[in-house]
Amino acid sequence: MTAISKTFNQLEKRKEAALIAYLTVGDPQLKYTPRLAAALIEGGADIIELGIPFSDPIADGPTIQAAVARSLRGGARPMDALDVARKIRERYNSTPVVLMTYLNPIFRVGLEKFLSQSKSAGISGIIVPDLPVEESADYKKQCSAAGVDSIFLASPSTNPQRLKRILDQTSGYLYLISLYGVTGVRTNVSDDAVNMVRRYSSMIGGSVPLGVGFGISKAAHVKRIVEAGADGVIVGSAFVKVIEANARNLTRAASKLKGLAQELKKPTTKLSR
Amino acid sequence: MSALIDLEREYSRLKDDPEFRTQLGFYLREFVGRPTPLYYAANLTRKANGAKIYIKREDLAHGGAHKINNTIGQALLAKKMDKERIIAETGAGQHGVASAIACAALGLKCEVYMGSEDVERQKLNVFRMDLLGTKVHPVRSGSKTLKDAINESFRDWVANVESTYYLLGSVVGPHPYPTIVRDFQSVIGREIKEQILRLEGRLPDAVVACVGGGSNSIGAFYPFINDEQVALIGVEAGGLGLETGKHAATLCAGEEGVFHGMLTYVLQDADGQVQPTHSISAGLDYPGVGPEHAYLKATKRATYTSVTDQQALDAFMELSKAEGIIPALESAHAVHYAMTLASGMAKDQIVVINLSGRGDKDVNVVAEKLGVKI
Chain H
26 MTAISKTFNQ LEKRKEAALI AYLTVGDPQL KYTPRLAAAL IEGGADIIEL
76 GIPFSDPIAD GPTIQAAVAR SLRGGARPMD ALDVARKIRE RYNSTPVVLM
126 TYLNPIFRVG LEKFLSQSKS AGISGIIVPD LPVEESADYK KQCSAAGVDS
176 IFLASPSTNP QRLKRILDQT SGYLYLISLY GVTGVRTNVS DDAVNMVRRY
226 SSMIGGSVPL GVGFGISKAA HVKRIVEAGA DGVIVGSAFV KVIEANARNL
276 TRAASKLKGL AQELKKPTTK LSR
Chain Y
948 MSALIDLERE YSRLKDDPEF RTQLGFYLRE FVGRPTPLYY AANLTRKANG
998 AKIYIKREDL AHGGAHKINN TIGQALLAKK MDKERIIAET GAGQHGVASA
1048 IACAALGLKC EVYMGSEDVE RQKLNVFRMD LLGTKVHPVR SGSKTLKDAI
1098 NESFRDWVAN VESTYYLLGS VVGPHPYPTI VRDFQSVIGR EIKEQILRLE
1148 GRLPDAVVAC VGGGSNSIGA FYPFINDEQV ALIGVEAGGL GLETGKHAAT
1198 LCAGEEGVFH GMLTYVLQDA DGQVQPTHSI SAGLDYPGVG PEHAYLKATK
1248 RATYTSVTDQ QALDAFMELS KAEGIIPALE SAHAVHYAMT LASGMAKDQI
1298 VVINLSGRGD KDVNVVAEKL GVKI
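Here the protein sequences come in this chain order: H and Y.
Under this note's numbering, the first residue of the first sequence carries the number 26, and numbering increases by one thereafter.
Under this note's numbering, the first residue of the second sequence carries the number 948, and numbering increases by one thereafter.
Each hint should be verified, as a subset may be incorrect.
[To be verified] Covered stretches of chain H (in silico footprint by chain Y; criterion: 3 or more residues with CB under 8 Å from a CB of chain Y, positions within the stretch not fixed):
1) 83-89
2) 95-104
3) 169-183
No wet-lab data here; the hints were simulated from the structure.
We put the CB at the ideal spot given by N, CA and C, even for glycine.
Construct the complete structure from the given sequences, taking the supplied hints into account.
What follows is the structure in structure tokens.
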């Protein structure tokens, strides 16, 4: 059983959904990322997603774009994410670390090498937003061989036939994009999003945990999404904003991240289910 | 991804539909002004003192460039797909203007993303789009140029996919865009073939075109791909010289990568970060290139070379004075290489230059380079 499955199993026993927290590696500087990730875990994050900085983050909104720009300006390089992961895993060996990366940095290193190095750094899963399932046969095979979960994304426009293909290739959790658009904080979680989570939750019927992301930033959002049937909520831009606002005082950034993680973790309890 | 699958399905359904072909034919003829002439450049031929040089006059297409061949086609496609809102990216503004023209003609709402640096550099085209009723959104992310305008267009598209058609301007991006744009631009090569057969009774020995994303060149090349005796030569932006790293010669100096949804050559660093590019011509200033060009390079069916800013500028002046045709700086790259090529060829041989656009938009840049105040 992979680290991610173990985490979801344990959470299921406690009737909780996972809080999956995203950070851009190297934002604002590489040396701070392990400490900021630790703050999220101390606050209750169950899984950490590390974003690899890439020059053209096409699926990301302004907040994460700015984080990536800070990271690249600070000199962070894609494979630095593995050192960060190693440091996190040394201290929190039961918390899975997942990489979120565009395809080109992987392609540049070579898939096989990228996967074997990721595995030995303790990476549990990989998300590649610009790798469509239609092009993923070899990728999936190599992920399985390396023992790394391949986490694919589904969106509001994914039709049932395509969802089936995605589910065939997905392990760890399915990453459901809750809205039409890019990453970023939104004021509300729409009724459409809630209905979609319900629909997906019944469609996938527990075959793989359902993680829901994009636009989730507040406790009230988490509550609605978890009540609708999500097994995990993915929060990125809200955490990144905290770092952006406290980039000059990383101690304060860490304490605020911990506070926000605590706040968002609370409503992950599946009381009504 | 679902939107791309829909687009592929709708396009393959419509592309051979007689009614669609008739409408497209009407607009290309009556609105764009096709066919454009294939002009025998007698003066340039004399100067080169070698092969006969013909110029395909895409500069005479409505709007001043080949871009309209694609925008009219895709705008018609969007209309058939019941999309009421069109978005497009633009670098120098030529594709933005061509989109604005097509949308105005077909009664579609158009919004264009343009890097904020380009908005500054290309004020004339921004104003033209405004006159044509198109809203221009300056893009302030990344390098604030064409690639970032494409990023932002994709971001808009995923957010508004139900109502919106993304009218991509070159043979780049995810499938089916490179195919769609190639098909609409292939009218250039089909006309060249027909015209040269009429004028000379044979095919040319070489077709030369500039390559940024690669739409005018693939349009000129594609109908000749099976005519192995015709050399197909793409000319990239050599900027300040390949050795300086300040250029946009993706096929000449890039490496394989995945960018904007395509596996192709990319100008990138050791980590796969996409690099800033430089060219005197904003239309060639793109760090990727159409995947079909990557294929033609790999199979050696086409060859690719580069021409520097200075050489393009020289050709810009030369064509203006010799033939009374002011070329776009992009097209001037092809002119320079074709002149060199022709001068090494026999007098009974034929070289065709695809002159992708006119140079009115570039006079400010050229004046500045020459130290002239206008």
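Q. What hint numbers does the structure not satisfy?
A. When the structure is compared with the hints, none of them turns out to be violated.
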